[in-house]
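Using the sequences plus the hints, can you model the full thing?
Start counting at 1 in the sequence shown, then tack on 25, and there's your number in the numbering used here.
None of these hints come from the bench; they were simulated from the model.
Quick caveat: nothing in here was measured; it's all calculated off a predicted structure.
Backbone N, C-alpha and C fix where the C-beta goes; we use that ideal spot for every residue, glycine too.
Be aware that a few hints might be false.
Label pairs and their calculated CB-CB ranges [said to hold, decoys possible]:
1) D75 with S167: 34 to 42 Å
2) G151 with D120: 28 to 36 Å
3) D255 with D120: 23 to 31 Å
4) G283 with P323: 21 to 29 Å
5) D127 with G211: 22 to 30 Å
6) D215 with G71: 37 to 45 Å
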Amino acid sequence: MPAPLPRTTGRPDRRPAVRVRRLLPVLAVLALTGAGPAAAAGPGYGPAVDLCQLTDPSLPEVSGMVAGVDTLLVADDGGDQLSVSTLDRSCSVVDVRTAPVDPYDPEDIAVAPDGTVWFADVGDNGTDRPTVALILLRPDGSTTLTRLTYPDGPHDAEALLLAPDGTPYVVTKEVLGVSGVYTPAGALVDGGTVPMRQVATVALTLTGTPGGPVGRAGQLMVTGGAVAPDGGLLALRTYTDAYVWPLTGSDVAGALAGEPTRVALPPAPQGEAITFAANSRDLVVAGEGLPGAVTVLPWTGTLEPLAAASAADEATAAAGPTSGVSWGVAALAAAVLATVLLWLVSRLRGRY
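Here's what the structure looks like:
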């Protein structure tokens with residue numbers, strides 16, 4: 026009998042009742058805070074164009090993606106062996122590489138200049154993993170696995186940013202929209218455990234963009250990340266929008282401290298993957314579910330940060346707080362809670 030594959034930790038708890046109980050407090054807070062004025066999507070990207078349709082049954086849950094000149098590398102967050110598939114421009118699988126690791130919940134990938142594929146095994150729906158992991162699959166087929174710990178307890182995460190100097194950053198997925206950005210506090214050690222330190226936060230607000238599996242809450246949850254091949258831009262995405270920052274050198278924390286350009290993404294059932302095209306400017310996005318579109322948002326040559334609040338928004342703020350909870354906020358509370366609870370209960374075996 027072959028030896029079992031090394032595992033990063035135990036399997037996720039996918040019981041819907043458990044997930045509902047854990048999310049109720051934060052969903053209630055989210056609902057009662059209401060929706061602030063949604064900033065208009067910034068310029069920089071033209072209308073979305075579908076490149077191809079994912080139909081291969083081996084890729085039902087695409088969560089990570091890296092674009093080449095004529096190919097796409099995609100990773101699926103299901104299965105009991107880590108793998109990355111190479112797709113041609115028709116989304117047909119032309120190659121599969123595997124790593125001798127039984128993962129917990131791999132959520133994103135990045136590729137280093139030497140061709141090493143970085144897997145971020147950082148999903149933690151129940152926020153109860155003692156460690157997460159970075160797994161490296163090198164061009165020669167060798168692998169390394171380093172476990173990581175957060176300084177402030179477990180977090181769910183789905184986004185990996187690999188800086189041009191090779192420093193990895195994990196961005197957490199937070200239902201209230203304030204994501205932490207963490208990086209290893211020391212060198213990665215194969216088979217070892219390395220603590221992480223928090224270097225930045227990313228605060229998102231409701232945008233009004235439709236899409237995703239959890240209603241308006243999906244506008245706040247970071248589900249993927251990417252750094253452009255030339256190192257000039259970085260991006261994070263939620264279920265509904267992409268955010269693009271200019272990047273100088275490898276200063277990821279400094280970049281995220283600035284104002285991003287927001288790009289409304291086309292509606293998708295569960296959009297998680299984002300990458301830059303080989304030209305380092307076009308955005309390419311995809312998500313879970315078959316058939317599923319791989320969509321390109323072409324660069325138009327300009328980037329501007331999110332617009333400042335309008336005069337009407339400023340006037341509303343100047344009027345001061347109102348007493349009680351408005352009918353609009355109460356309606357939003359009911360809508361958010363109903364949407365998320367119905368979705369969670371209905372997906373007996375799904376992930377969010």
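For each hint, the structure was consulted:
1. Hint check: D75 to S167, Cβ distance near 37 Å, so the stated range 34 to 42 Å holds.
2. Remark: the range hint 28 to 36 Å for G151 to D120 is upheld by a beta-carbon distance near 34 Å.
3. Checked against the hint of 23 to 31 Å, the pair D255 and D120 passes, with Cβ atoms roughly 25 Å apart.
4. Checked against the hint of 21 to 29 Å, the pair G283 and P323 passes, with Cβ atoms roughly 23 Å apart.
5. Range check, D127 to G211: about 26 Å between beta-carbon atoms, so the 22 to 30 Å window is met.
6. For D215 and G71, the Cβ-Cβ distance of about 44 Å falls inside the hinted range of 37 to 45 Å, so the restraint holds.
Hint violations for this structure: none, all hints satisfied.
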